[in-house]
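Asker: Residues per chain, in single letters:
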Amino acid sequence: MAIVTAAPNSQAGQQLAPRSALNWARAVIYLVLIIVGVASVVPFVWMLLTSVKDYGDVMSLRFWPWPPLGDSALRFDNFVEAIRLIGIDRDTSLPMFFRHVLNTLLVTGIVVASSVVTSVLAAYAFAQLQFPAKNILFILVLATFIIPEELVLVPRAVMMNKNYLNWYNTVPAIVAPFLADAFGIFLIRQFFLQVPRELYDAARIDGAGHLRYLVMIMVPLAKPAIFTLALLEFIWTWNEFRWVQLVTSSSNMRTVSVGLVGFLQTDGGAQTQLAMAVAVMVVLPIVILYLFTQRYFTEGITTTGLKG
Amino acid sequence: MRPGPFASSRSKSQIREALLAYGLLGPALVLFLAFTVFPIGFGVYISLHNWRLGPREFLGLGNYVRALTFGSEFWPSLGATLTYSLLAVPIQISIALTLAYLLFQKIRGRTLFRVVMFLPWVTSTVATAAVWARLYSPDIGLINSALKSLGLSPLRWLLEDKGIFTLIATSFGISLPDWLRGPSLAMVSVVVYTTWVFVGYNMTLFLAGLGNIPGEMYEAARIDGANGWQLFRHITWPLLSPTTFFVVLITVIGTMKAFNHIWVMTQGDNGTQTASILIYRQFYEFQRAGYASALALMLSLVILLVTIVQNRVAADRVHY
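These protein sequence lines are chains Y and A, in that order. Read in order, the letters of the first sequence are residues 6 to 313 in our numbering. Read in order, the letters of the second sequence are residues 36 to 355 in our numbering.
One or more of the hints may lead you astray.
[Claimed, not checked] Output of the computed footprint for chain A on chain Y, the stretches with three or more beta carbons under 8 Å from beta carbons of chain A:
no.	segment
1	61 to 70
2	158 to 170
3	184 to 195
4	198 to 208
5	221 to 231
6	275 to 284
Treat the hints as calculated values from the structure; they're not laboratory data. Think of the CB as a built atom: it goes at the ideal place given N, C-alpha and C, for glycine as much as any other residue.
Could you put together the complete structure from these sequences and hints?
Answerer: Spelled out as structure tokens, the structure:
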């Protein structure tokens with residue numbers, strides 16, 4: 006596994022060419038970067054604009070139908086209309102969309118808590134302790150990391166049906182495959198390995214055992230890595246689609262991503278401005294979370310690499 | 036002979052350490068065994084049966100034979116998977132590497148560029164694929180309206196089954212033989228979306244790799260009179276090769292099991308039915324757990340083989 010560390014921003018980059026050619030080269034570099042940067046956000050901007058457009062403006066392809074270029078009004082009621090069309094949850098009398106949000110928060114909460122705890126515990130064992138079969142167990146964890154999800158998708162789903170675990174359409178079925186994540190174990194282990202061994206020896210002299218040392222010293226030290234893991238697990242679970250779709254059939258058990266795909270296939274979802282209104286509600290929380298925490302993402306994916 | 040007091044206390048503490056380790060590993064290992072290791076074996080068992088909620092009848096290798104028989108949808112789906120991979124990987128990697136190299140220069144607003152380009156990877160693929168499906172819409176999509184305003188003729192993008200070479204040739208009034216048709220325009224459209232999602236992610240990995248190349252290497256080469264291209268060719272490229280290999284590896288694996296966005300954008304229509312889509316459809320739409328498991332096992336085998344081959348190829352070329 007390639008272990009690479011994040012590029013420090015302070016490190017001076019290299020120069021492309023001697024000074025004479027420098028200005029031209031720089032202009033081209035900025036041009037390319039700006040084009041790619043714009044291309045990265047245009048779909049989001051289009052989604053946001055479309056979500057508050059009038060149906061007529063969507064159909065007549067007007068990119069900006071509002072003043073000063075046009076005289077349409079911002080249609081925030083698209084959101085209300087989309088939520089109305091998704092329907093009402095009979096259990097709670099809440100709009101079904103809010104039920105999807107609550108389900109998503111519950112599921113992501115469970116997955117984040119469980120994957121963080123199991124990763125910290127296992128990472129400590131692999132980083133700090135000596136025990137028989139350590140290598141074999143490490144290879145086992147590595148194997149769960151690299152096997153394609155396709156391989157286990159069908160049997161996992163079969164396990165959930167009524168002849169086996171009978172968890173179909175329940176929260177346990179949705180969260181089960183994500184409660185422990187080898188990615189998390191590697192991420193935290195990598196961090197624990199950097200803590201000097203002398204720290205443990207010192208804690209030892211002060212009378213601390215392994216558990217006390219883990220809770221009082223290692224976990225506080227590893228806060229950035231733990232936070233990174235929690236963030237990544239949060240967005241992965243929030244965005245999860247295929248598995249939730251496979252093990253749920255009733256709408257009131259579904260999450261926002263599955264709800265969105267379901268809505269796209271209805272008459273309401275066929276109206277682009279309503280489809281985009283729902284997409285905005287699925288995407289926006291993650292975008293905001295990301296913008297406030299972006300540096301943790303970079304560290305997370307560059308210290309352990311994986312996960313496409 | 037009785038062991039001395041020290042030996043016994045040492046082994047006691049060793050036993051305690053081992054027990055503690057197993058206790059700490061327990062939760063993760065139990066979950067892995069239950070929901071990853073067991074399902075692998077269970078999947079093999081399922082694949083040998085005609086399976087509806089439970090085993091109906093034992094088929095032996097029947098499901099595999101059916102998949103491998105000439106005329107089944109498995110071979111075309113593998114073809115679509117490889118097409119997707121062969122298109123997406125070089126495009127994604129070359130753009131990502133170029134961007135990383137540019138961003139690694141002394142650039143103002145580097146963090147802003149990086150944050151913005153990484154954004155597509157963070158957000159829900161299902162949602163962004165839904166957005167792109169609308170951007171590609173033949174009637175109301177932004178892409179066709181841009182083409183029209185440039186005086187070009189609109190295309191059918193995700194709805195287009197015709198190969199891109201056929202389309203290009205037809206626009207020049209040439210008719211191509213069928214075997215030269217190329218990947219469908221729908222497939223190319225999906226690849227463009229994939230590039231949009233993953234370029235920032237791959238670029239971030241490349242940036243980290245570039246940060247690990249010692250600056251003195253460049254200094255020394257520059258003193259020897261190396262120009263920009265020579266610096267890239269003789270320092271950056273070889274020293275970056277472990278990162279490049281790693282990025283290629285995870286991109287190949289990632290493209291071979293891509294699912295969400297293809298499902299949302301085309302449901303596997305118009306030449307985009309990759310093996311992942313086929314497996315999902317067989318299971319989700321037709322409840323054929325046995326057949327789907329057999330397909331999944333064979334796809335995993337292909338991914339494993341590709342990974343091994345890549346490792347072999349890289350062994351001679353990657354400079355660690």
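Asker: I'd like to know which numbered hints this structure contradicts. Please list them from smallest to largest.
Answerer: Numbers 4 and 5, in rising order.
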